[in-house]
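Enquirer: Chains A and B are the protein sequences, given in the same order. Using the working numbering, read the first sequence as starting at 1 and increasing by one per residue. Using the working numbering, read the second sequence as starting at 303 and increasing by one per residue.
Warning: the hint list may mix true and false statements.
Some residues of chain A that are not near chain B, with every Cβ distance over 10 Å (derived) [stated by the list, open to error]:
id	residue
1	Arg4
2	Asp67
3	Ala93
4	Ala106
5	Gly147
6	Ala151
7	Ala153
8	Leu155
9	Asp172
10	Thr265
Chain A regions said to be covered by chain B (calculated; three or more residues, Cβ under 8 Å) [unchecked claim]:
id	segment
11	94-102
12	191-198
13	233-245
Between beta-carbon pairs, the in silico distance windows are [said to hold, decoys possible]:
id	chain 1	residue 1	chain 2	residue 2	range
14	B	Asp347	A	Val18	44 to 50 Å
15	B	Asp347	A	Leu9	53 to 59 Å
16	A	Cys161	B	Arg322	55 to 61 Å
17	A	Phe187	B	Arg330	41 to 47 Å
18	A	Gln277	B	Arg330	40 to 46 Å
Note that these hints are calculated values from the structure, not bench results. The structure displayed is predicted, hence computed values, not measured ones. Even for Gly, the Cβ is constructed at its ideal location relative to N, Cα and C.
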Amino acid sequence: VSLRRFNELRAEEVVYAVQRQDRTFLPAEDHCPLCPTRPGQPPTEIPFPSYEIVVFDNLFPSFEAPDGAAEVVVYTDDHHGSFAALAPERAQALMWVWRQRYEELAARADIAYVLIFENRGVEVGTTLHHPHGQIYGFPFVPPVAGGELAADARLGGCASCTLLGRELESGDRVVHSGDGVVAYVPFAARWPYETHVVVREHRPSLSECTAAELAALASALQAVTRGYDRLFARPFPYVMVLHQAPTDGRLAGHLHVEFYPPLRTATKLKYLAGSEQGAGTFLMDVMPEDSARALREAIADA
Amino acid sequence: MPSSPPLPPDRPPATEEPERFGPLVLRRLVKDDGRALILFSRAEDGGER
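Only chain B is shown next, with the shape it has when bound in the complex (with noise of 0.2 Å):
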């Protein structure tokens, strides 16, 4: 653990465009090894749907 080398941290790895979900924003990545990952974070506009 963990599995697969992540990138560097300066160097976030690219993502497709944001989404948005109520208020939160989403990033989706794909991990080295296939799995996906999410990131969500509160949209700067705390719109909901």
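Chain A extracted, bound-state conformation (with noise of 0.2 Å):
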């Protein structure tokens, strides 16, 4: 059972889930718990000698009913997949797993906030290497959102609407655009290679996209991830997060997903230090306009 303690210093909430301490550690492949249970093999998480995507309820949550929900999603039976590899067809079929996790969960009274997320590599602290996703199920809604709902008021009107319009215009930092879904380096970058994936018409959540606009995100997701990995031609760690609307009641929010990707060279990580954890201002070493054409680049090629 996790417990929730709140930082007066720093006004925010702190989830203990000490039980998380002894979850499974970058186990060897023929020890991956995500694998398909095959005969004669031992037992995985998953009893199935083969599937498409798969959810289930974390072992090791850090949130469980009746206080949220912590869920596993895994992307596929290849072990050695990724996001970016996935076929279109099910990367599309990923989008409506999300959006069926997210409307599920949205409907319970002790979820005030659904965050879908990926960490991709063990530079940002994945600990199984199998791909998939996680599923948070907040029993609050976190500052993140919550910064963003100050956002539109103080914007007043949708945040993201307004910072899209506005990416749109300049065109500088666009790294790719579709039809319905439009990537960028923000203007304010706090990594070096940090994107927005954005829905072009406003729509709070998943839940209002079109079927198109599903199709043009799992697109744009994988043409983001597929040039994350043709920039230093080499896996490219990331964090991968769906911001979508609160599910409290308020429909407010603009769906779109940001990657906070910790590499600033192909060898070198940004690391949070002294003015990032102790000030909370992110000092960069490169341009968001310069890293915008390098990744621009990078997907054209991929």
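Each of the two chains sits in its own frame; use the hints to bring them together as a complex.
Expert: The following block contains the structure:
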């Protein structure tokens, strides 16, 4: 069972999930808990010899009913795959899986915010290499989502719509432009290759998207992740997070996906150090326009 | 890890009736330790809601 304490100086909740200390950590491939259970082999989390996409309750949850949820989303039964390498139809199916889980979790009274995300690479703390993401059902609206709602109020409307308009007008940082979805390195990026993938129309969540928009979102996300892998000719670590409307009754927010990649070069990481942690101010070594140019080329070549 | 001994793969656990969600078919089951698991697959007719 997780515990929550309110950190007064930061004005934020801290979650203590001490049972996660013993979670599975980078197991050998033949002990991967996300692989199918194959005849004659040790059982895994998934009792089938093959599968397309599977969602299950996390064995080591950060949140659990009746005070939230923690789920694992396994993208494929191919241990060596990746989100970028999924067949397009599988990536599109994943958008619908995310939508189904968003809607089901949103209907629960104990969940105020649904966070869908993927941690890719040991650089961002992944503990299982098998391609997968996670879903947290927060029993409260977390600070980043709250900050976006505050930005809406500050800008006098949907902040994402405003920022998307500015990015399209400039064009300097746009790295992918699809029918229903645009990807760009934001004006004030906090990571060297931070990228936002934004649905053009104002859609608070996956639930309001058309099938064509979900397909465009899948295509844009794969374009970005393939571009990332192309950029430094190596598997590119990232944190990928869907930002959607809170599920506490407010129809606010604008569906978009943010990537926070820690690499600043092929071999060097951007660390959160004194200024970032102690002052809350990010210091950057590269201008967003320059990283956008490199990423745009990588996406085109991928 | 894993926490529970799943059923043999040649005998998949009993599930409720498949559900439809957009172009997907869902099969829900409960693992031996009580955790929920959902299998998602694309519907053969590819239908969308």
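Enquirer: Are all beta-carbon distances from aspartate 67 of chain A to chain B longer than 10 Å?
Expert: Check passes; 16 Å lies beyond 10 Å.
Enquirer: Any Cβ of chain B at or closer than 10 Å to arginine 4 of chain A, or is the non-interface label fine?
Expert: The claim holds: arginine 4 of chain A sits with its nearest Cβ about 22 Å from chain B, beyond 10 Å.
Enquirer: Once the closest CB in chain B is found, is it more than 10 Å from aspartate 172 of chain A?
Expert: 36 Å, holds
Enquirer: Against chain B, does alanine 106 of chain A keep a CB gap of more than 10 Å to every residue?
Expert: 14 Å, holds
Enquirer: If we take the beta carbon of threonine 265 of chain A, is the closest beta carbon in chain B still more than 10 Å away?
Expert: Threonine 265 of chain A clear of chain B: closest Cβ-Cβ about 35 Å, beyond 10 Å.
Enquirer: For the segment 233-245 of chain A, do at least 3 residues have a Cβ located nearer than 8 Å to some Cβ of chain B?
Expert: With 0 residues close enough to chain B, the hint is violated.
Enquirer: For alanine 93 of chain A, is the shortest beta carbon distance to chain B beyond 10 Å?
Expert: 5 Å, violated
Enquirer: In this structure, is the beta-carbon distance linking cysteine 161 of chain A and arginine 322 of chain B contained in 55 to 61 Å?
Expert: About 33 Å separates the Cβ atoms of cysteine 161 of chain A and arginine 322 of chain B, which means 55 to 61 Å is violated.
Enquirer: Was leucine 155 of chain A rightly flagged as not at the interface, with every chain B Cβ beyond 10 Å?
Expert: 33 Å, holds
Enquirer: Do aspartate 347 of chain B and valine 18 of chain A keep their Cβ atoms within the hinted range of 44 to 50 Å?
Expert: 47 Å, holds
Enquirer: Against chain B, does the segment 94-102 of chain A show at least 3 residues with beta-carbon separation below 8 Å?
Expert: This one holds; 4 residues, not fewer than the three required, reach chain B with a Cβ under 8 Å.
Enquirer: Verify that the Cβ of alanine 153 of chain A lies farther than 10 Å from every Cβ atom of chain B, and report whether the claim holds or is violated.
Expert: 33 Å, holds
Comparing the model with each numbered hint stated earlier shows that hints 3, 12, 13, 16 do not hold.
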